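So the sequence lines, in the order shown, correspond to chains F and H.
Last residue of the first sequence: 439 in the working numbering, with the numbers rising by one and none dropped.
Last residue of the second sequence: 404 in the working numbering, with the numbers rising by one and none dropped.
By construction, these hints were calculated from the structure, which means they are not laboratory data.
Given the structure is predicted, the values throughout are model-derived calculations rather than measurements.
There is no bait here: all hints are sound.
Pairs of lysine-lysine, DSSO-like flavour, derived with a Cα cap of 30 Å:
1. H/K166 - H/K106
2. F/K145 - F/K119
3. F/K231 - H/K293
4. F/K119 - H/K104
5. H/K143 - H/K172
6. H/K104 - F/K99
7. H/K172 - H/K129
8. H/K133 - F/K99
9. H/K143 - F/K99
10. H/K172 - F/K99
11. F/K99 - H/K106
12. H/K104 - F/K109
13. F/K109 - H/K129
14. F/K172 - F/K145
15. F/K184 - H/K172
16. F/K172 - F/K147
Rough simulated footprint, nothing fancy, chain H against chain F, three-plus residues with beta-carbon under 8 Å:
17. 71-81
18. 230-236
19. 275-281
20. 297-304
Each residue gets a CB set at the ideal place from its N, CA and C atoms; glycine is no exception.
Here is how the chains run, residue by residue.
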Amino acid sequence: MKIKASFLLCSVLAIFLPVLSVVAERQPAQPPQEDFRKQIGTIIVTPGNGPNLAVADFISRSAGVEAATGTFNQVLWADLEFAAVSGLVGRSLYPKTLVPDPASLKFDEWSGDPIKADYVAFGNLQNTGGTVSADTYLYDVKTKQQLIASRHSGETRRIAHEFADEVVKLLTGRDGIATSKIACVVGDSIKVMDYDGFNQRNFAGDGPMVRFPQFSPDGRYLAYVSFKTGVANVVVRSAEGGLIGGTNFTSTTTSPTISSSGQLAFSSAISGDGSMEIYVSNLDGSGARRLTRTPRGINISPRWNPQTGREIAFISDRAGTPQVYVMDSSGANQRPLIARGGQADSPSWSPDGRYVAFTYGGAGSFQIFVADVASGQLLQLTSQGRNESPTWSPDSRHLSFQSNRSGRWEVWQAHIDGSGQRAITRGGGRSPTWAK
Amino acid sequence: MDTKYSRLAAIIFTASMLVAVVGCAKPKVQLQVSRERLQQGEEVRVSWSSKDAKKVTLNGNPVDKTGAQVFTPDNTTTYMAEATRGDKIARDSKVVAVDPRPARPTIRISADQEAITRGQSTTLRWTTNNADRVTISELGTVPSSGSRVVSPSQSTTYNATAVGPGGTENASARVTVTEDAGPVDRPRTTNTGPNPTIAAIFNQMVRPIYFELDKSDLTPESRDTLRRGAQWLTQAPNRSIVFRVEGNCDPRGTEEYNIGLGERRAQSAKEYLASLGVEASRIQTVSYGKERASGTTEGAPAQAPSWAHDRRDDFIYVSGGTPRNP
Numbered sequence: 004m005k006i007k008a009s010f011l012l013c014s015v016l017a018i019f020l021p022v023l024s025v026v027a028e029r030q031p032a033q034p035p036q037e038d039f040r041k042q043i044g045t046i047i048v049t050p051g052n053g054p055n056l057a058v059a060d061f062i063s064r065s066a067g068v069e070a071a072t073g074t075f076n077q078v079l080w081a082d083l084e085f086a087a088v089s090g091l092v093g094r095s096l097y098p099k100t101l102v103p104d105p106a107s108l109k110f111d112e113w114s115g116d117p118i119k120a121d122y123v124a125f126g127n128l129q130n131t132g133g134t135v136s137a138d139t140y141l142y143d144v145k146t147k148q149q150l151i152a153s154r155h156s157g158e159t160r161r162i163a164h165e166f167a168d169e170v171v172k173l174l175t176g177r178d179g180i181a182t183s184k185i186a187c188v189v190g191d192s193i194k195v196m197d198y199d200g201f202n203q204r205n206f207a208g209d210g211p212m213v214r215f216p217q218f219s220p221d222g223r224y225l226a227y228v229s230f231k232t233g234v235a236n237v238v239v240r241s242a243e244g245g246l247i248g249g250t251n252f253t254s255t256t257t258s259p260t261i262s263s264s265g266q267l268a269f270s271s272a273i274s275g276d277g278s279m280e281i282y283v284s285n286l287d288g289s290g291a292r293r294l295t296r297t298p299r300g301i302n303i304s305p306r307w308n309p310q311t312g313r314e315i316a317f318i319s320d321r322a323g324t325p326q327v328y329v330m331d332s333s334g335a336n337q338r339p340l341i342a343r344g345g346q347a348d349s350p351s352w353s354p355d356g357r358y359v360a361f362t363y364g365g366a367g368s369f370q371i372f373v374a375d376v377a378s379g380q381l382l383q384l385t386s387q388g389r390n391e392s393p394t395w396s397p398d399s400r401h402l403s404f405q406s407n408r409s410g411r412w413e414v415w416q417a418h419i420d421g422s423g424q425r426a427i428t429r430g431g432g433r434s435p436t437w438a439k
Numbered sequence: 079m080d081t082k083y084s085r086l087a088a089i090i091f092t093a094s095m096l097v098a099v100v101g102c103a104k105p106k107v108q109l110q111v112s113r114e115r116l117q118q119g120e121e122v123r124v125s126w127s128s129k130d131a132k133k134v135t136l137n138g139n140p141v142d143k144t145g146a147q148v149f150t151p152d153n154t155t156t157y158m159a160e161a162t163r164g165d166k167i168a169r170d171s172k173v174v175a176v177d178p179r180p181a182r183p184t185i186r187i188s189a190d191q192e193a194i195t196r197g198q199s200t201t202l203r204w205t206t207n208n209a210d211r212v213t214i215s216e217l218g219t220v221p222s223s224g225s226r227v228v229s230p231s232q233s234t235t236y237n238a239t240a241v242g243p244g245g246t247e248n249a250s251a252r253v254t255v256t257e258d259a260g261p262v263d264r265p266r267t268t269n270t271g272p273n274p275t276i277a278a279i280f281n282q283m284v285r286p287i288y289f290e291l292d293k294s295d296l297t298p299e300s301r302d303t304l305r306r307g308a309q310w311l312t313q314a315p316n317r318s319i320v321f322r323v324e325g326n327c328d329p330r331g332t333e334e335y336n337i338g339l340g341e342r343r344a345q346s347a348k349e350y351l352a353s354l355g356v357e358a359s360r361i362q363t364v365s366y367g368k369e370r371a372s373g374t375t376e377g378a379p380a381q382a383p384s385w386a387h388d389r390r391d392d393f394i395y396v397s398g399g400t401p402r403n404p
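Given only the sequences and the hints, what does the whole structure look like? Please build it.
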């Protein structure tokens, strides 16, 4: 059964995610292409290839929390489904007995046929002095051990996200993403929202037009481009909105990116060589130092490696069409990461430093690709509509990007293997950036 | 006698057992919604069916044992059907998420002077809300709020259209152009801000230039256009003029890289103008990438919207110059 499931998965991946041949200069001996596909395939857990998790509907324990309970159940389920750290057992199989608390849990009902759960999450919601609280539990039903017994209070969606992350942390030992946030451009301003697109709120509307927001790896700062002065310049703010600084040049300055140690990099035309070049500066834009030198060329879209803080991926047209390059943050050792013709843009390094996602295509058709940095192998993530500007989830297992497949630009999400694609904005959205 | 009574007893026993069995049955209820997510103002059909229920309620209100109702919820709503029989209760619920209806766009446009004499200029100012795309006749796609100096040669109505997720709104501003200054009040000038007269002349003397696909090299026509502009810009009264070159691309490339391509186009113009004696320090450059692109086919530079028209440098007066008609 297990063999069959993984065979099926592989066949599905083989159809939808062709591993494409690439030129990777630094890797003379390419490992077989199967490796990357296999490696990616183990990151996203589907039913049958990981532990089984059942999530019983939480129960209202006091009057007035029925709506909150409904929301809580919906959010928790969506979070754990998108987290994809376990196979979620479908609700239709669940026993009819309600499980508001550990005393009501009958282990055999959950561990036996047909549910065969390894873990069960359950609990109840109540009104405690005007605030909604959830008593939340996770049990290992095979060993009958209590793994989580906790209480979360506050806004309903928030407490569901918190418990989802608690479950993910317990099952994987790694931080979940349900409490993370995403900023994006909506119209001509920047909005920040929960990772699932809810609670969209204004961040900044600096002048007639703002573009290309990028969070720092720790989520404490957000840099973006404002056209307030008539010329595109970089603005850096704290995540709370306080102004940190920015550039004030008389030529286009764009594509800011912040390193894990709080340095800024950007692309600007200030050199006098008629070119767009990459610069590194202090976080407030002061002390800019030039890294590239390509007269009349375009070097743009720099992104720090958030893991090492010592490398920058960027786009350069020095060899003809725009391609993904990498250099040390000193400017040394500039080399192509991907060189396969066509046009590439907007590289994005996964927080663990293992992958670079980017926009790739030509002739008006662009898709999101993921490159394994070590081997240079590629996976194509999208195939519907036009897709641009990828950004990674804090756990390096999911991506967000903009897609026009619905007829207008919206922010979408997908797992690293291309499955689970969903739109998270409904009123338009571009250039997402995902932070802790 | 005996047989009769025992037969009766058997019938009574069987009947009471039947009643007991049916009476014990736990009620069942199932609830379905036609959609789990909708926008404010849209309808959802909630249907339910029950078995063995004495009473069924939907969100607390008594309803038929099986039925359906249509709702137009304003907020995210949980629909819960509850079936009771004696002290036995069954529930089923579904959550319907309601997204707020996108707000209608608003747009306002006005001209600083609604009447000008030919050769004079005025500033159009517009503001919008909830708009993704704003276009103004004669100007094409413009930022969602902003201003532009215009110098129409004849009376012109500027029709502005704001398109957003909530619909489309229009507004217009009319600028009446008269032949001589006599009957019209002269526009008030202020000590601050750009001089509209110079800006209008600038617009006539320094014309947009156009580029080939994926290219930032100047065409022979563009060089001619820039030479004429440079001649005017290097005349003594105009030497203090500071201006901005705005590079643009057609919509086919990617957003981030196109900012680079548009800037290269602005740099090409700046470099050539500098070689003709226009000091580089007077020239700001900016790229809007494909933000202002509106073409859907190649077309020609003279016809907007078209890709050929999208690939261009605009020249915008910023400050300086000596007013001619004080």
